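Engineer: Which chain is which? The protein sequence lines are A and B, in order.
In this text, residue positions in the first sequence follow the numbering used here: the first is 11, and each later residue adds one.
In this text, residue positions in the second sequence follow the numbering used here: the first is 28, and each later residue adds one.
If you are wondering where the hints come from, they were derived from the structure by calculation, not from laboratory data.
It is possible that some hints are incorrect.
What the hints assert, rightly or not - Restricting the straight-line Cα-Cα distance to at most 20 Å, the calculated cross-link-like pairs of lysine to any residue (SDA-like) are: (1) A:Lys139 / A:Tyr101; (2) A:Lys139 / B:Asn40; (3) A:Lys120 / B:Lys37; (4) A:Lys82 / B:Ile269; (5) A:Lys138 / B:Ser130; (6) A:Lys138 / B:Arg42; (7) B:Lys33 / A:Asp115; (8) B:Lys271 / A:Glu83; (9) B:Lys33 / A:Leu104; (10) A:Lys138 / B:Lys37; (11) B:Lys119 / B:Ser130.
Please read all numbers here as calculations on a predicted model, not as lab measurements.
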Amino acid sequence: MSSTTAVQITNLTKKFRDTTVIKDSNMTVPKGCVYGFLGANGAGKTTIFKMLTGLLSPTSGTAMVLGLDVTKEREKVLRGIGSLIEAPVFYEHLSAAENLELHLDYMGTKGFGTGVALDMVGLAGTGKKPVGKFSLGMRQRLGIARAFIHRPQVLILDEPINGLDPMGIRDMRNLFLSLIQKHGMTILLSSHILSEIEHTADMVGVIVNGTVVCELYLDEIKGQSGIRLEDYFFNIMSGEGMNYAKANEA
Amino acid sequence: MLKLMKLELKRNNIRAYLAASALACAILLGFIYFIACTAQIENTEEFVNAGGIAFRNYSNIFRLAGILSLVIFGAMSAVMYSRFIIGEYTGKRAALAFSYPVSRSKVLLAKLLLVFIITSVSMVVCTSVPYIVFYITESISPIVIQDTLTVSVAADALKTLGVSVLALGGIGIVSMRLGFIKKSVPTVIISAIILSAFYGNTLSALYARTATSASGVLTSLIIGGVGLFATVFVMAELSKKINKMEVE
Ligand SMILES: Nc1ncnc2c1ncn2[C@@H]1O[C@H](COP(=O)(O)OP(=O)(O)OP(=O)(O)O)[C@@H](O)[C@H]1O
Ligand SMILES: [Mg+2]
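Looking at chain A on its own, in the form it has when it is part of the complex:
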């Protein structure tokens, strides 16, 4: 794994009892990019993200983050990443700021500071309100704040725009850009919404039925005339994917 790679998975397989959910997948996320992870419902995006953050252990293969094997050096990896996986869990009786402070205490750093981070996700005015009383979108924003507040090198965001209004989506897009450009982070985000990936990502990985079938820079496809992005991915995701992708590579 070279020093310019943020995340690398190699021949990764995950079985739950008898069912194989992730099959022999490979993925390489270069540092400093937004990597969009595209896949239909149930394709395996969340499962791969959980293996990257140490919540699940691979059945075989390896997951490396920042050059460290997640299974062997879980704590070191956790220090370098920030994550939002599925619907975020909070201490419901505490306020947004208190939740972030606790997180920073455990992370052992002051990071951006709670005030700044809350401002960055548009939650500056929530004061003492307990998180239990937050709306879905507010929880999602707080989840994003918690993922980056400790200034991690790699952000792993599972469906980060879930529940956000159009303005929120645009704000987060800008936030992600500034985290990459000003703070040198790498962002790996998943979505099943093609237009979202199209607008935020530099690079796309597509997962179909538990296998990552292709990885490419968006510019490559955008550069090819006569192909609509939507058709391109729709074909890959609907199964004939591999052949289609290969045909285009050739």
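Guided by the hints, dock chain B with the ligands onto chain A, whose structure is given.
Structural biologist: Okay, now just chain B with the ligands, sitting in the frame of chain A:
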């Protein structure tokens, strides 16, 4: 470790447990006076035959209060262990606990230690205060006229309390481990009540029979040893399990 324990305190609301302890203290105090008084008032044959007369004796009053205290605090420690441990490692909550770059074993140890300290201190304080209050009022104007309250009876009661506190740690942790199998809070609470009632009865039966202090000490040591062994065993085993736990 201290820092981890402080963080546990910060995110768990312990005021409810403190209030419950204060309530337990009041209940125990009321209970002691209640048995002391009823044993005096009631004088029917049934009552005497039923053994009610036993409570015209200070050591028996303390013994029964001690069992009640153990059951109350056993239940309370079960609730706390459930909240602090089972609750935190169940379902999606585990994802939060496991996202910190801190050893999972250390976090578990901090939780166990914290609950152990809080429940032990509350049990000691909230049981000895009623004892002391009762001791003082009995020295001034006794309710129980058939027995004399000596310092050694009171000291024995406090000694028994000391052993019970150690047992409480073992009971809480063992019940928590039983509940962890099915991640069920009711299991923890029921196990704790059964274990503490069982333990309390055994202890009081043993003390009743072994009048000599030497065997009394031996019993305490054995009970303390079993509790300690159970605690260490469960901690090591649970820590291993949590280290490997997956959040599906
Ligand atoms: N704990 C589990 N036990 C058995 N199967 C599981 C488990 N968790 C996930 N799966 C299966 O693994 C597959 C991938 O699930 P995953 O949650 O990774 O999909 P996803 O790509 O995140 O989907 P979505 O877009 O709906 O979030 C699904 O078929 C799911 O049923
Ligand atoms: Mg998912």
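Engineer: For every hint, state whether the structure bears it out.
Structural biologist: Comparing the hints with the structure gives:
no.	hint	in the structure
1	A:Lys139 / A:Tyr101	holds (12 Å)
2	A:Lys139 / B:Asn40	holds (16 Å)
3	A:Lys120 / B:Lys37	holds (17 Å)
4	A:Lys82 / B:Ile269	holds (16 Å)
5	A:Lys138 / B:Ser130	violated (31 Å)
6	A:Lys138 / B:Arg42	holds (19 Å)
7	B:Lys33 / A:Asp115	holds (10 Å)
8	B:Lys271 / A:Glu83	holds (13 Å)
9	B:Lys33 / A:Leu104	holds (16 Å)
10	A:Lys138 / B:Lys37	holds (15 Å)
11	B:Lys119 / B:Ser130	holds (19 Å)
Of the numbered hints stated above, the single one contradicted by the structure is hint 5.
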